[in-house]
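Student: The lines below spell out each chain.
2 protein chains.
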Amino acid sequence: MVTTDYSTGILQYIPFFYVIWSDDLLSASEISVVQKVIALDETLTSEEKKQLGNWLHKDRPPHDDEIKNWKQTIATSKVKLIESDTYPLTSLSQRLVKNEELNEQLKHIEIHLGIQPNHYNHLFDVEVVHEKTSDEYDADVLDTILKGEHAKEVDGFRKFLEKPDFAWEILRDKDEFRNRVLKQVQLLGEAGYGAMAYPDAYGGTDNMPAYAAIFEHLMFVDGSLAIKFGVQFGLFGGSIQKLGTKKHHDQYLTDAGETKLLGCFAMTETGHGSNVRGIKTTATYDKASDSIIIHTPGKNDNKEYIGNALHSKMASVFAQLIVDGKNEGVHAILVPLRNENHETLEGITIEDNGYKLGLNGVDNGKIWFNNVKVPRQNLLNKYGEIKDNGLYFSSIKNPNKRFFTMLGTLVGGRICVARGALGGSKMALSIAVKYALNRRQFNDNVKVQEDLIMDYPTHQLRLTPKIAGAYVYHFTLEDMMNRYSDDSQPDKRKIETQVAGLKSIITWFANDTIQECREACGGKGYLLENRIADLKGDVDIFTTFEGDNTVLLQLAAKGVLSDFQAEFNSAGFASVLKLLQSQLSDKLTAINPMYSNKVDAEHLYNPKFHKHAFDYRTRRLTYTLAMRIRNYIKKGIPSYQAFLKVQTHLLALGKAYSTEFAYTIFCDHCEQIADLKYRALMEKVGCLYALDQINSDARWFLEQGYIGNTKSKAIRQRVERLSTELRPHIEVLVDGFGIPGHCMSAPISK
Amino acid sequence: MVTTDYSTGILQYIPFFYVIWSDDLLSASEISVVQKVIALDETLTSEEKKQLGNWLHKDRPPHDDEIKNWKQTIATSKVKLIESDTYPLTSLSQRLVKNEELNEQLKHIEIHLGIQPNHYNHLFDVEVVHEKTSDEYDADVLDTILKGEHAKEVDGFRKFLEKPDFAWEILRDKDEFRNRVLKQVQLLGEAGYGAMAYPDAYGGTDNMPAYAAIFEHLMFVDGSLAIKFGVQFGLFGGSIQKLGTKKHHDQYLTDAGETKLLGCFAMTETGHGSNVRGIKTTATYDKASDSIIIHTPGKNDNKEYIGNALHSKMASVFAQLIVDGKNEGVHAILVPLRNENHETLEGITIEDNGYKLGLNGVDNGKIWFNNVKVPRQNLLNKYGEIKDNGLYFSSIKNPNKRFFTMLGTLVGGRICVARGALGGSKMALSIAVKYALNRRQFNDNVKVQEDLIMDYPTHQLRLTPKIAGAYVYHFTLEDMMNRYSDDSQPDKRKIETQVAGLKSIITWFANDTIQECREACGGKGYLLENRIADLKGDVDIFTTFEGDNTVLLQLAAKGVLSDFQAEFNSAGFASVLKLLQSQLSDKLTAINPMYSNKVDAEHLYNPKFHKHAFDYRTRRLTYTLAMRIRNYIKKGIPSYQAFLKVQTHLLALGKAYSTEFAYTIFCDHCEQIADLKYRALMEKVGCLYALDQINSDARWFLEQGYIGNTKSKAIRQRVERLSTELRPHIEVLVDGFGIPGHCMSAPISK
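Going down the list, the protein sequences come from chains Z and U. Count the first sequence with UniProt numbering and you get residues 1 to 750, in order. Count the second sequence with UniProt numbering and you get residues 1 to 750, in order.
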């Protein structure tokens, strides 16, 4: 029995019921929100409450004709939907029944079901007053939250970047481009930004975290600038700071910070990309002349891809240190490359690497050394030195440990690379969102204007989870840099493996994001003037340099495995193994079917669920990996080969661990946001990130029986829904990244 | 009871059992192969047969200590493994027992289990004589299979490309680059390659399929060349050929083919990227002067991204044709752009689009028309004309059908775009594989040399399925072009939707492949000299131009939906719907658990399984999509909005359908390969493609209950295993693409 003759009490609920039932995504908890509201609504008679209640059975939804009638009722009323109302749906509803006051209970539904105009505006035939974006949140507040403790430095730096020297322009010729970037680096050095992370005595403020924040901002100017800046101050200057001792600091550090001394960081070799321990360059101590002889033994043992190689006067060269015939392992030595007239010194050959896919403002080159002699004092001797008596000495006796200690000091660079990649993603997302809020395409013939492309569900789905990722990784990297810079924790091994994993997932995230933004802007995204193309070319190599991602992920995974072993070693590995097989595998595989099919919004949106899923994945992958390796080894297969056989498993574990780690940091950080309204927004953003991550690995969770088919589908729907729910705030979210207006030069982002 | 004292009969099986049991990937069918061999082996006593049989229980595998003993036995024997032996493992085995003759039964195991040296060489402590690649297959034979009917044209063209004018070089300045590419296009035009697809009377051979094959080859020279070539001969010349009539052909076609007349194809507008029907440019017939007035009404209604815009004398302009005040829909009109001195004609404004991410040798520009007058005869009037009496006439009365008929003639261009993307993938894969067969990294300390990176499982997994994809899509596109060129089938609507889908999945495939190759080559892949960087920048936009992929996939999906509706309409839609709900959903959801957990190699490798899975996916997605749309519409939601709500579902269907379609064509093609050895290789390649596709959508198949957890894992393992099995032939597989040596200029591919 269908009627169009509704009482006032019923009528005011019609727009809500129409919105709720027009789609099929209504969970039990959402029904209960509406039920409670109806029970408390004093404007309703008990008869009306009963009738409304009848329309709230998930298993017995209102008849299609009923829903059509609701639609008809709203359409014929000629009431307008005004999106800029604070409670648009409640307001529409009250105009429908000609009420002046808003019904508090309806407002309650609107808030608690998170119903947004973009969910339902297309459902109504009424005129819709569109707003491009909501003003519920303020981008400046978000920006302040992101800046955290570095607000002063960041604000000053943004101002500094207004100089015309930092205005973006297209320079195709590499020499012209490199000269411009060099000039920019010099300006930054002279203004004290290069030395930021150095001690006060050398022109700095000893503030590595603030250095990382401004480093990210350089990506808004140009990728080449960021990288050349990083090479000069972070790698070259950083190696002097971290691997050298006071004599080196006194002699070089201030000059490096002010760009009076330009230098490069010569580690990678053509033949040995990711295997630093296997480099072939030798540094042989010659007692007679009390000097060190740097030599490139073979044609392919040259230093490769060395940034700043063409502008540098000096290099920090990594080589096998040989003292008295014994190889003491890899050490860094300062080697002058050119004289005052910028002529290459004897025995040194430098070749330009030529044009690249991106970063053409960075002068990468190859360097060969032919028995180049430098004083013994040039050895950066913090962790290993040659004494006056010509003997080698290191306080770290274990060569393995010594090597990793030296490398560990350079982890800050990896955090910066990830930070730079993140900056590139923020920039691309800002451009793509601005474009999508201006560009219209296709349309319903009824409408006068074509739709904004930001209103397409596929468009929301491709950009919104990436924005969520950018927020999560921002806080993750801030936190990692604080831990890394905390001198009260001298052992950085744990941080090193964590950073290895984060650098990988974040640089891959950045590449995916920038590519998605390029495609989201269509042909416009392909034009250099719109900046995304350059970001794409520049950030691409971030997955390879400062450690190839696949190699780093294996490092991260091995770190997890060691922890796992340590955990059980304390109780004796052998004795625990038996227990493991029954107990652990039980605990890990037997997931309660109630849990694996729980699809309630509360459950799916609850960080406890996300954390449980992430933790389950990490532990399960660790356990199965450990068992596989153990089985291979038991059969006599050498451990090197066993690790080769489980390589893809290692990568999966590295990713799983890093994702869990990033999300945990983000959640902890959210709890510290004082303003509850913004905390809630950030929690929603975090929820989207977590569900999107679980969604993209749903196959694995399904295989394990951790989630059932229904839950898998529900997770996908929730990702789509959250992306849509955040649509009104999407411009505020990208503005929250705080990219200065003078850096947003892309015509399509205006 | 473990012993190291084995009889000769047992001993000869030890290397096989060691290889088989060292990993855990042994299916029932594989066990049965070994069992049969043992039963037939006359060199064995019945006691030995019994003992060997005891080592063949999947549920009760040999003890780890037993396996260790096997290893020990082999190691102490000092017998060498020689990979270049025809039966390396059988040979090793026979040397172990000092037999001269090879045991036929052991050879049988080696062949039928597909055991390759790279599966097991790492298991032995013995010295291994490595071979970079196997010579079992001949790349020339593969190349001949790929060239198919166009061998003559392709061979001639490869030779033609040896001219120094086609040697690759870096040109950063766009004007310099564009001039060089223009010169190349002119050379090709003069040699008759431009006109290849035109009728004999106009300098051609009427051979569109051969044209597509040489078009692909242009990607080996340079992406800009391919695109400018396509614009001049395919789009500009093609529009005259396909949309014009004899008078246009006589006047322009020969000149277009010889590049005496340079032209462009002005369809896309800034404000209306993918919505051709919504373009704003008008072509108004003025009866008084018997001419057509071309006009750009608004600032953003200019023609955008028009290739060849700066070099052209004439444009084929798409505009709303208005005759006697009535809009007759989109038509193409030839509009002169410049005079003999290359000065822009009155009323025409052309602006350079500037630098792009790639394709900087193509002169893209924007064009505005300010009441430009052209003779009535310039209307390309095959499908719609203005009669002498000033009235509009078309033999196709339905404007909708007319529009799609005109657009349908341009589908050949989309096939070529996909073909070009495919060529880019082949090039990148060839470079990456050559590099991986030369580059060594890390190592086991025991070995003298570091491992070839091609020997890493992760590396095999990242490149091999892509190579398989390139083979599958090669045959798919060949076939599509044949169908498109078949004039006995004038209705191209079906082909048009199929091509829309294929263009999308293949251009995305190409981008993924090139990116994977870039990363697989590390920093070397980032250098322009190594070609992958340029391919990446060039091919990137292929996903957007000639129809944005997301738009095209929706077109493909809607095609499938119409077929679906037609299928049931014949029996009356309404009456079938009831049946559908019970019958179809039953048929689709209830998968026999025996089937969903069948993990045997025979089953997983059988094309019947792949086709069943693809067909199931397409039908299920179609059914659920149709039901969703129907439910929305029943609730009164307008169909435009309903389609918006199911957008992601549409994309999934478009992809599923296209993948199934490509694989079906490939399988049909395989059956026509006469040489059974090569047919088997191609079938293996196809199997890898299919399993990789199922693997990458395993989440969906799991959600539907089509595959169970075990099967999902087994599929992943089989993808890895097939990638490893193809390792010995990987160089032959990329050489089979037939890229001429003079095009392989990348230093890392030498």
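FYI, nobody ran anything at the bench for these hints, they're computed from the structure. Keep in mind that the hints are not guaranteed to be accurate.
Here are the simulated DSSO-like cross-link-like pairs (lysine-lysine), alpha carbons at most 30 Å apart as the crow flies [as the list claims (entries may be wrong)]: (1) U:645 x Z:434; (2) Z:434 x U:68; (3) U:373 x Z:645; (4) Z:750 x U:299.
Student: Output the numbers, in ascending order, of every earlier hint that fails for this structure.
Tutor: 2 and 3
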